[in-house]
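Input sequences plus hints: build the corresponding full structure.
Respectively, the protein sequence lines represent chains A and B.
Numbers in the working numbering are just positions in the first sequence, counted from 1, shifted up by 11.
Numbers in the working numbering are just positions in the second sequence, counted from 1, shifted up by 11.
Some hints could be false.
Copies of the same chain are indistinguishable here, so a pair counts whether it falls within one copy or spans any two.
Using 30 Å as the maximum straight-line C-alpha spacing, the simulated DSS-like pairs for lysine-lysine come out as follows [as the list claims (entries may be wrong)]: (1) Lys80 to Lys141; (2) Lys145 to Lys317; (3) Lys80 to Lys130; (4) Lys76 to Lys130; (5) Lys145 to Lys76; (6) Lys141 to Lys21; (7) Lys130 to Lys21; (8) Lys21 to Lys76; (9) Lys21 to Lys80; (10) Lys76 to Lys14; (11) Lys130 to Lys14.
Don't read these hints as lab results, they were simulated from the structure.
Keep in mind that this is a model prediction, so the values were computed, not measured.
Number of protein chains: 2
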Amino acid sequence: MTKLTTVRLKPPFLILIGDQSDPTYVKTGLGIVHWRPELVVGQLRFAGCGVDMGVPDMSVADAVKAGAKSLVIGVAPVGGVVPDTWWSCIEEAARSGLDIVCGLHFRLADYPGVVAAAKESGARLIDVRKPPSKLPVGTGLNRSGKRLLTVGTDCAIGKKFTALSLAEAMLDAGMQASFRATGQTGIMLAGEGIPVDAVVADFISGAAELVSPDNEDNHWDVIEGQGSLFHPGYSGVSLGLLHGSQPDAFVLCHDATRRHVSGWEHYELPTVQDAIDQHVALGRRTNPAIRCVGISVNTSGLAADKREGYLANLVSETGLPCVDPLIDGCGAIVELIQQQFPEV
Amino acid sequence: MTKLTTVRLKPPFLILIGDQSDPTYVKTGLGIVHWRPELVVGQLRFAGCGVDMGVPDMSVADAVKAGAKSLVIGVAPVGGVVPDTWWSCIEEAARSGLDIVCGLHFRLADYPGVVAAAKESGARLIDVRKPPSKLPVGTGLNRSGKRLLTVGTDCAIGKKFTALSLAEAMLDAGMQASFRATGQTGIMLAGEGIPVDAVVADFISGAAELVSPDNEDNHWDVIEGQGSLFHPGYSGVSLGLLHGSQPDAFVLCHDATRRHVSGWEHYELPTVQDAIDQHVALGRRTNPAIRCVGISVNTSGLAADKREGYLANLVSETGLPCVDPLIDGCGAIVELIQQQFPEV
Numbered sequence: 012m013t014k015l016t017t018v019r020l021k022p023p024f025l026i027l028i029g030d031q032s033d034p035t036y037v038k039t040g041l042g043i044v045h046w047r048p049e050l051v052v053g054q055l056r057f058a059g060c061g062v063d064m065g066v067p068d069m070s071v072a073d074a075v076k077a078g079a080k081s082l083v084i085g086v087a088p089v090g091g092v093v094p095d096t097w098w099s100c101i102e103e104a105a106r107s108g109l110d111i112v113c114g115l116h117f118r119l120a121d122y123p124g125v126v127a128a129a130k131e132s133g134a135r136l137i138d139v140r141k142p143p144s145k146l147p148v149g150t151g152l153n154r155s156g157k158r159l160l161t162v163g164t165d166c167a168i169g170k171k172f173t174a175l176s177l178a179e180a181m182l183d184a185g186m187q188a189s190f191r192a193t194g195q196t197g198i199m200l201a202g203e204g205i206p207v208d209a210v211v212a213d214f215i216s217g218a219a220e221l222v223s224p225d226n227e228d229n230h231w232d233v234i235e236g237q238g239s240l241f242h243p244g245y246s247g248v249s250l251g252l253l254h255g256s257q258p259d260a261f262v263l264c265h266d267a268t269r270r271h272v273s274g275w276e277h278y279e280l281p282t283v284q285d286a287i288d289q290h291v292a293l294g295r296r297t298n299p300a301i302r303c304v305g306i307s308v309n310t311s312g313l314a315a316d317k318r319e320g321y322l323a324n325l326v327s328e329t330g331l332p333c334v335d336p337l338i339d340g341c342g343a344i345v346e347l348i349q350q351q352f353p354e355v
Numbered sequence: 012m013t014k015l016t017t018v019r020l021k022p023p024f025l026i027l028i029g030d031q032s033d034p035t036y037v038k039t040g041l042g043i044v045h046w047r048p049e050l051v052v053g054q055l056r057f058a059g060c061g062v063d064m065g066v067p068d069m070s071v072a073d074a075v076k077a078g079a080k081s082l083v084i085g086v087a088p089v090g091g092v093v094p095d096t097w098w099s100c101i102e103e104a105a106r107s108g109l110d111i112v113c114g115l116h117f118r119l120a121d122y123p124g125v126v127a128a129a130k131e132s133g134a135r136l137i138d139v140r141k142p143p144s145k146l147p148v149g150t151g152l153n154r155s156g157k158r159l160l161t162v163g164t165d166c167a168i169g170k171k172f173t174a175l176s177l178a179e180a181m182l183d184a185g186m187q188a189s190f191r192a193t194g195q196t197g198i199m200l201a202g203e204g205i206p207v208d209a210v211v212a213d214f215i216s217g218a219a220e221l222v223s224p225d226n227e228d229n230h231w232d233v234i235e236g237q238g239s240l241f242h243p244g245y246s247g248v249s250l251g252l253l254h255g256s257q258p259d260a261f262v263l264c265h266d267a268t269r270r271h272v273s274g275w276e277h278y279e280l281p282t283v284q285d286a287i288d289q290h291v292a293l294g295r296r297t298n299p300a301i302r303c304v305g306i307s308v309n310t311s312g313l314a315a316d317k318r319e320g321y322l323a324n325l326v327s328e329t330g331l332p333c334v335d336p337l338i339d340g341c342g343a344i345v346e347l348i349q350q351q352f353p354e355v
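Pasting the structure below:
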């Protein structure tokens, strides 16, 4: 049996976001600050950084004094590498004894300066995005227990946030539920998972099957989605994850004001209804009973007085609960799930 | 600019198919024998082998005497590994000075016995399935020139064969065309390409974009498809390849008598029309003008007197040219392409 990638991190964390100016690419740092603020001692920013995560600014030396045990690379830029200019800072942290935690596509072991510094101090180099080495091909066989997958009209649109929020709301409602991580930040938060976008392409759905194995009949796995079926770069990951997850239910994540694929502005986003229909059409292949149980909308770009009207419109268009999980929580979606799956 | 994986093999080949009994999993060996018979000196089979490629049976010693320069591992089993019992034979070949050519998921360098034997004799170990190390994420940007992708209702259903046959038929018709390889056998035949099922999942469509770069307006890239959108194990690869290839046209490959996904018998194949519709619905995302230009059917399972009727029915159902490329060639499909793309 292939084991999931398992990480055990040492808090508290100093989170490096450098000179990154677009919050879209700081989702790792922002996710940790939101979901596990008690683990964060501060943020490390360079001149020109356009993002503030709302925690104290610290240098490496400050953080060590404040008791930090790990430097977490808190960005997830396109292509998965950090600028060359960041490495002297990462080396300094390793030399100071901080574990270096990285969820990007490269391997820390490939940077000799960091390797030497960590060896000297005893710090660990932790590549969260390294998948298990022997993954199976997806079988497509049914598994026991129920599954919900979060999907999106685009990348970086709230799939992880929604899955965490839904799992929490299910537990609050007295249901059995587990958040299942498929990306670097999710794995950092959950302590286990498989980074499905980093596996060899033939094994995407096999990895997804491992992430949500057989479980009790009354248990929900709430699986963090990756990419988007509509994304010209990442659609393959999304389809493999959809087929391997075999979700009974999915929640579509959307942004009320985004019109184009973020960073791929020559692509328009699909409509909410088209996105639902396409996921049902494709998801049916491995779970004929797949259905959409709600829409999770980032409404932060709307004026405050437009928010309720926007969501009410979407409810009447789709007949589904539509929430901004950051404001409304996911209780309305969990209620529909309880109605539609009374046997669970 | 990332370079494509490029291989230069030394013929003639001894092709190892061992004790494999299912021709579906001997597609690498069978493909080479069909398309480049002049490169093949013989086949190496073990007791219990249920496949005969129609070339002389030889031991390693026989093949060396007959002038063989390379041992090609000619199987492509599920999961991409060969049985443990085959390695003594592969070591013997390396010790005898034959290059070892392998297109599976493992690396020859991970087998110390083979590495030592090759070092002693000077033989090369050639992993055809190793993708370039720095691939880009797919851009989704349009490229010049025309593209045709072969797709399938299942895996191992003639996508490579059809692409090779189509490229040949286009050249015969005086058109500009190149076969573009995306799998191990195709790369062995073409001498270059990227094994898209072996790339890291985030880079599938980026790899596909590299495989068929900008070209002359009157040039067709005929791209070898991989997997199937309907395959519970491999659908992610297929969607990434579809989006990255941005095909103007596709040819659907099918088997007249196959009813279930080969090796995944709990999954029925889609109908031909459903498969066409699904590829159009998804392919439109990166090329709104995508269209199906023909159906390539393996009719070998039909009685000889049923073949023409089957294809005629399919023509009247779909309005498209339907051929068995092994019997009919792809001329009818090329004629439709010339009608529908008069500007090329």
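Hint check results:
| no. | hint | in the structure |
| --- | --- | --- |
| 1 | Lys80 to Lys141 | within (21 Å within a copy, 38 Å between copies) |
| 2 | Lys145 to Lys317 | neither (50 Å within a copy, 45 Å between copies) |
| 3 | Lys80 to Lys130 | within (16 Å within a copy, 46 Å between copies) |
| 4 | Lys76 to Lys130 | within (21 Å within a copy, 53 Å between copies) |
| 5 | Lys145 to Lys76 | neither (41 Å within a copy, 39 Å between copies) |
| 6 | Lys141 to Lys21 | within (18 Å within a copy, 36 Å between copies) |
| 7 | Lys130 to Lys21 | within (17 Å within a copy, 45 Å between copies) |
| 8 | Lys21 to Lys76 | within (16 Å within a copy, 62 Å between copies) |
| 9 | Lys21 to Lys80 | within (6 Å within a copy, 55 Å between copies) |
| 10 | Lys76 to Lys14 | neither (37 Å within a copy, 47 Å between copies) |
| 11 | Lys130 to Lys14 | within (27 Å within a copy, 35 Å between copies) |
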